[in-house]
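Colleague: Protein chains in written order, with the working numbering: chain U, 133 to 476; chain D, 14 to 262.
Hints listed in this document are in silico derivations from the structure and should not be mistaken for laboratory results. The structure displayed is predicted, hence computed values, not measured ones. We put the CB at the ideal spot given by N, CA and C, even for glycine. A portion of the hints provided could be inaccurate.
Here are some chain D residues pointing at chain U (derived, C-beta under 8 Å) [said to hold, decoys possible]: (1) Ser61; (2) Leu81; (3) Asp84; (4) Pro85; (5) Ala86; (6) Leu95; (7) Phe97; (8) Pro104; (9) Thr114; (10) Ala115; (11) Gln119; (12) Ala122; (13) Gly124; (14) Val128; (15) Gly242; (16) Pro243.
A few chain D residues that don't get close to chain U, going by computed Cβ distances all over 10 Å [unchecked claim]: (17) Ala69; (18) Leu175; (19) Asp190.
Some chain U residues flagged as far from chain D (calculated, every beta-carbon gap over 12 Å) [what the hints assert, rightly or not]: (20) Pro185; (21) Val202; (22) Thr229; (23) Gly252; (24) Thr316; (25) Asp365; (26) Pro405; (27) Glu406; (28) Gly437.
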Amino acid sequence: MTARLQSQPRIDLNDASSFPSRRVESWKYSDLRRYLREAPKPSPTAIVGPPGPFYDLGGDAIVFANGRPVGVTDFIASGDQTLRLRFITDAVETGHTASARVVARPGAKLLLLETHEGAGSAYVAHNRLDIDVAAGAEVTRIVLIEEPEDAISITDIDVRVAPGGVYRQTTVTTGARLQRQTTTLSHGGEGADVRIDGLYTLSDARHTDLTSVVDHVGRDGVTSQLTKGVVRDTARGVFQGKIRIQRGADGVDARMGHHALILGERAEVDAKPELEIYADDVQCAHGNTVGNLDESALFYMQQRGIPVDEARALLTQAFLIEVVDRIENEQVREVVRSWLTDRL
Amino acid sequence: MLKINNLHVSVGEKPILQGLTLDVPAGEVHAIMGPNGAGKSTLGYALSGRPGYEAAEGSVEWAGENLLDLDPAARAAKGVFLSFQYPIEIPGVPALTFVRTALNAQKRARGEDEVSAPVFLKMVKAASSALKMDFDMLKRPLNVGFSGGEKKRMEILQMALLEPSLLILDETDSGLDIDALRIVSEGVNALRSPDRAMLVITHYQRLLDYIKPDKVHVLAAGRIVASGGPELAHQLEAEGYDKYLPVAA
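Next comes chain D alone, as it looks inside the complex:
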C-alpha cells in the first residue's frame, strides 16, 4: 500500500504540492488527472526522489518505509519505477548495458544474486519480442535516435525487466500514435498484479481506455480535490477541469 500523507513540495520558491494525501492499495491502478501546472509531474519526481523536488513536509510510505528518507537508487531498489514523460537519451551507453547495470544494481541493493549475461539476454529477448521491439535497437545507445514511440516502449521494456512494485507512469500516452499506445498499454496491463500498485498520471482520458483504472483522482493546485471511479475520467473529458481550478479573484 502506497500512503502519501500531507505532501508539500516546492520547486525553487514556488509551492507546487500543497498537502497532497492519497492511498493506493497494492493490486490497484489509480489515475491522477489534472490540468497543466497542477503538480502531476512534480508528484512523480517527488515520489522517485529527483533532486530539487524534496518534500518540505509530509510522508510517503511504501513497503513499510518512508520513501522520503531514501535516495533515488534506493527507492528504485524498493520497487519504485517512474516512467518518464520524455525518456532521457544517454549517449555512449548501449540500452542493453544500461538495463543490465540497473537490474544488477537493484539486485545488489536487495542482497540478491546478480543476473548473468546469458540469462539476461534471454530475459531481454522474451520481453522485447512481446513489445514488438527490434532486438538490434537495444545495442544502440539508450534512447538516442529512438522515435517517441520507441522511447516509450523502451520504458515499458525496462519495467518488464526490472519488475517494480510501485509504477508511476507520467503522461505515458504523450507522443504515441494509436498503435503504439495499444502496444504500450498491453505492456503495462501485463504487469498488473495483486502485489503491484500503479499510479497513472495523465492529462487526457484516452490512455484510460487502454489502462483501466480502479480509481481516478483529480489533482488541482497541488491537492487531490476529487476522487471517484473510472466514470470520473469521462466526466472530466466532457466537462474539463474548470470547476476544479481556483476561482480568479
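For reference, chain U alone in the conformation it holds in the complex:
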C-alpha cells in the first residue's frame, strides 16, 4: 500500500491539541482552533430522517447518523454499482467522527453519491473517507453538502488511484461556520485520469474550504480541476489546490482553474493554487480569477423584463453551472442542477 501523504495534520476530535490553527500553513484560511478550543462532547444517536437527495438513483447505501454507522462502513465495488454515502447529523453542540472505506476493484464502475445532511446546530463533524481505485476501475464521487450556518465540519478524503484508474469528483457546498473538504490523492499515472471539481455558493457568514493535494507519482497521468464559487454578505470561500509532480513522472498533463464571484462588499475569497514540479517533461496550467457579475449583462436582462434579483440569480447560476455540466452521468447531473438551483 502507498504511504499516506504527510501534508495534512491528523485531526482527532478527542484531542484539542490536534486542531490546527492558522499558524499551520495549509489551515491559514480556516483557523479551526479559533472556533474550536476544546474537544466537543460526544454526539448522541441520531434519527435518520428523509431519504436524501440521491434516493431516486437507487443503489446501496452507507449511512452514518451523528457519526455512528447504521450498518456497514466499508464497500467493495466490483461491477457497475451505485453507492449512496450519507453523513446525517442532527446533533446540537456535540461532536463525532465517521469513517468509511470504499474500494473499486479492477473493472468496477462505481457511482459514489455522497451527501452531508446536517440538521441540528453548532455541531462538530469529522468525516474520513478512504478510496482505492484499482487499475481499470472508475469511481465518480459526487458530493452535496448542506449544513447549518453554525456547524463545523471537516472531511478528509484519501484517494489512491492506481495506474490506469479513473477518478472523478465534484463537491458542491453551501458552507457552514467552518467547513473543509481536504482531498489528498495519489495519482498512479499510466493513463490514470483524475478530475477534482468544486462548487460553492455561500451567504451570510458562511465559510468553506476546498483543499486538494494531487500527487503525481506515475508517468502519463492526467488531472483536470475546475472550481467555481460565489460569495455574498460576509461569506468566505477558500480554494487551495496543490498539484505535485514527482521526479520521473513525465508526460503528466495537469490543469487547474478556480474562478469566483464576490457579490458582497465584505465577502472574501482566498485562493492558493500551487504547482510543484520535479519532473522534466510535463504540461501544467493554472488559472485563477475573482470578479463581479457583468453589469452590462445585468442591465440587458432587466431591460428584457427580468427583475434584478432573478437576473443576478440567473447569471450566477450560469457562471457556476459549468462545473455541474462536467458531470457525465445525466441523471446525477440533473439532481445536482436542481439541488443547486434551489439554493442560489
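Once you've looked at the hints, dock chain D against the given chain U.
Modeller: Frame of chain U; chain D shown alone:
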C-alpha cells in the same frame, strides 16, 4: 403616446441630454438622427433605465406613467424595449431559456398567465422561421459566438415574442450587410401597428430606406434641434450635421 419633457441626463459629471423634449404618438415611427456624441445612445439608456443614466430633471410619460419612477424590468413590463447597438453575450444561459424567462417575468409583472413550454416553443418556431433563423442556434447561450447579423436578428426575435409597445432601436443597422439589414427591417416593419410607438436611433439615413419614419428629429448637443418629415433624413445625408453643431468659439 410617448411624452418626453425637458429631459436632463448626465453621465458621470458630463451633461449629455440637456432639456430634450419629444412626443411620439402611438402608431408612429420617429427617427432620431444626430452626430456622434449628440446623446443618441444616452437617450435609449435613459428611457430604459440603465443605472448611471438617471434623469436629473424632466419626465418621460408612457402609458399614463412616468417611466422614470420605474426600475428597468418594470419599464420592460410596461412595454419598453431597447434594441441594443451591441447586444450583450450571456454565457451559460441558452437563448430560449433567456427569452422565456423574460416573457414570463413580464407576464407575471402584468398579472397575466405565464406561457407554458410547448406554447412558447411554437411561438419561437414561427417567429424564428419568419426571421430565417436556425432554430438550433437558439439552444446556444444567448449571443455567444453569434455573428453581428445573428445578434441583431436575435434582438428582433425577442421583440416579436415580447411584443413591446414602445420600441427603441439603437443603431440597429450597425454591423449589418444589405441582406441582413433587409431581413431585420422586415422584422421591425412587421411590428408596426396603431398601438405601438417606435423610436429609431441612427447615424445614417440608410436604415430609413427600409424602416420608413413618419417623422425625423435631429438630436445635437443633447436637444432636439430640428424636426421634419422623411425628407429631413435625405437632407442630412446630403449636407451632414455641421450646421447643427455648436459653433466653435
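Colleague: Work down the list of hints and note, for each, if the structure agrees.
Modeller: Each hint tested on the structure:
For the restraint placing Ser61(D) at the interface with chain U, the shortest Cβ-Cβ distance is roughly 5 Å, inside the 8 Å limit, so the hint holds. Hint status for Leu81(D): violated, given a least beta-carbon distance of 15 Å to chain U, over 8 Å. The interface hint given for Asp84(D) holds, since its Cβ lies 7 Å from the closest Cβ of chain U, which is under the 8 Å cut-off. Interface restraint check for Pro85(D): the shortest CB-CB distance to chain U comes to about 4 Å, inside 8 Å, so the restraint holds.
For the restraint placing Ala86(D) at the interface with chain U, the shortest Cβ-Cβ distance is roughly 5 Å, inside the 8 Å limit, so the hint holds. For Leu95(D), the suggested interface contact is upheld, since its CB lies about 5 Å from the closest CB of chain U, less than 8 Å. Hint status for Phe97(D) relative to chain U: holds, with the closest Cβ pair at about 7 Å, below 8 Å. The beta carbon of Pro104(D) comes within 6 Å of a beta carbon in chain U, closer than 8 Å, and the hint placing it at the interface holds.
Because the smallest distance between the Cβ of Thr114(D) and any Cβ of chain U comes to about 6 Å, under 8 Å, the interface hint for this residue holds. For Ala115(D), the suggested interface contact is upheld, since its CB lies about 4 Å from the closest CB of chain U, less than 8 Å. Satisfaction of the interface hint for Gln119(D) is found here, the shortest Cβ-Cβ separation to chain U being roughly 4 Å, below the 8 Å cut-off. Given the 8 Å rule on beta carbons, the hint for Ala122(D) holds: about 7 Å separates it from the nearest Cβ of chain U.
At about 14 Å, the closest approach between the beta carbon of Gly124(D) and any beta carbon in chain U exceeds 8 Å, and the interface hint on this residue is violated. With a cut of 8 Å, the hint placing Val128(D) at the interface with chain U is violated, because the nearest CB-to-CB distance is about 13 Å. Hint on Gly242(D) is violated. Least Cβ distance to chain U is approximately 31 Å, over the 8 Å limit. This hint is violated: Pro243(D) has a C-beta 29 Å from the nearest C-beta of chain U, more than the 8 Å allowed.
With a minimum CB-CB distance of about 19 Å to chain U, Ala69(D) clears the 10 Å threshold, and the non-interface call stands. The claim that Leu175(D) is not at the interface with chain U is violated, since a C-beta of that chain comes within 10 Å of its own (minimum 7 Å). Every Cβ of chain U is farther than 10 Å from the Cβ of Asp190(D); the closest lies at roughly 24 Å, confirming the non-interface assignment. Once the 12 Å rule is applied to beta carbons, Pro185(U) is consistent with being away from chain D; the minimum gap is 23 Å.
Distance check for Val202(U) against chain D: the nearest CB is about 39 Å away, which clears 12 Å, and the non-interface claim stands. Distance to chain D confirms Thr229(U) as a non-interface residue, since its nearest Cβ pair spans about 39 Å, more than 12 Å. Interface exclusion of Gly252(U) from chain D stands, the closest Cβ pair being 35 Å apart, more than 12 Å. A cut-off of 12 Å between C-beta atoms confirms that Thr316(U) is not in contact with chain D; the least separation is 32 Å.
No beta-carbon of chain D is positioned within 12 Å of the beta-carbon of Asp365(U); the least distance is around 21 Å. A cut-off of 12 Å between C-beta atoms confirms that Pro405(U) is not in contact with chain D; the least separation is 23 Å. Distance check on Glu406(U): its Cβ is at least 28 Å (rounded) from any Cβ of chain D, clearing the 12 Å threshold; non-interface status holds. Listed as a non-interface residue, Gly437(U) fails to keep its Cβ farther than 12 Å from every Cβ of chain D; the least gap is roughly 4 Å.
Of the hints listed earlier, those the structure fails to meet are numbers 2, 13, 14, 15, 16, 18, 28, in rising order.
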